[in-house]
Amino acid sequence: MQNTKTLDTLVGLFVASGIAALFFMAMQISNLSSLSDDTTYTVLARFENSGGLKVKSSVSLAGVNIGRVINISIDKETFQSIVKMQIESQYSLPDDTSASIFTAGLLGEQYISLEPGGSEDAIEPNGFIDITQSALVLEEIIGQFLVDKASE
Amino acid sequence: MIQFLQNLGNSTLSSFAKLGRSSFFLIHTLTAISGVILRPRLLLKQLFSVGVLSFLIITISGLFVGMVLGLQGFYILSDFGAEETLGVMVAASLVRELGPVVSALLFAGRAGSALTAEIGLMKATEQLSGMEMMAIDPIKRIIAPRFLAGFISMPLLSALFSSIGVMGGHIVGVGILGVDDGSYWSQMQAGLDFQDDIINGIIKSIVFGFAISWISLFEGYDAIPTSEGVSRATTRTVVNSAFTILGLDFILTALMFGDI
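Residue numbers (the working numbering), protein chains in the order written: chain A, 1 to 152; chain B, 1001 to 1260.
Keep in mind the hints are simulated off the structure, nothing from the lab.
Heads up, a few of these hints could be off.
Here are a few chain A residues that sit away from chain B, every Cβ distance over 10 Å (derived from the structure) [stated by the list, open to error]: (1) 8; (2) 17; (3) 26; (4) 30; (5) 42; (6) 63; (7) 87; (8) 88; (9) 90; (10) 96; (11) 122; (12) 137; (13) 141; (14) 142; (15) 144; (16) 145.
Only part of the chain A face toward chain B is listed, based on derived beta-carbon distances under 8 Å [to be verified]: (17) 7; (18) 14; (19) 15; (20) 21; (21) 22; (22) 52; (23) 56; (24) 66; (25) 70; (26) 74.
All C-beta atoms, glycine included, are put in the ideal place defined by N, C-alpha and C.
Full structure from sequences and hints, please.
This is the structure we're talking about:
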């Protein structure tokens, strides 16, 4: 019957385009294509102040995004902030890597920038990054500037 | 005074009775769905009339909603010199809210009202009683395939709406107003999360599809079998669906994105 065939085709087209739209949303609109959970390892870093860093903020190495922040907590003894980040396992970092919190643009989001050192040994999964630089807090800088001006 | 109390009691009782009837109707329909899988041709026909015929209105509305979002978003964002973030604004508002909600409202108007009118007319012309006379369960044969079709179509239509809306925003933002193509997409991908945004949007549309199918089929099945009764049932379908969608949307948004 010709009629049922066209019906089948139209329904098939509808379902296929719906699934294509779902696929489009997953790959093109969201960040699913750039995230693969099974091939990552976690690294921790202590900061005096993690500023406006958030969960899911990006972790970049030489400007390339290689991971994400997955947890931010407080060390109850030293009152420092412990940032847990997830890094793609294809990038192994030397154990004297340093981490700094920078701001993308003037009003942009904060992110962690990693600066690899010269060590031969790679950092262990769940290991700590020892050399860190805290986020710049605008009020502190302005306060510093005013104090310097006043003492002149 | 006595008259007023009587009316109040009567309307309370009848609304509870309706709630009970609709719950039994839903349970009956859900148990009948397993029978539909054995007869895929019935489902296919309903997917055509519920899904394929709603395709055009959903895609065209999605395109225009996306284009308007691109236009309005650009004018506001360019005041702050932040027109590069147009992609995030368009995609987030479409995927989180407008896609599921607007496509559900359109779906209720396009497909839900048609379902109510169809079932109501079947009841008015005693086709449903005729089926029962022949020992064919009308819920299994008529209601369940339509319910399943609405349930399947809604997330697909909402995904289409959002995707085409994003393209519409791209046409206006990048094509006409000159936002950078690369930052449109990359800011969007950086700003939207698969789990938090896309999946939650799809869950919303599934819930809406369930609610619309339930309301429209029940209103048709419960309609007073006269031409006036069917027309009232159709009106009730559209009004109640709209209320339900907007109310559910608030609850779902509070659960998914808020900290309430």
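Task: Enumerated hints in conflict with the structure, sorted upward - done: 1, 2, 3, 4, 22, 24, 25, 26
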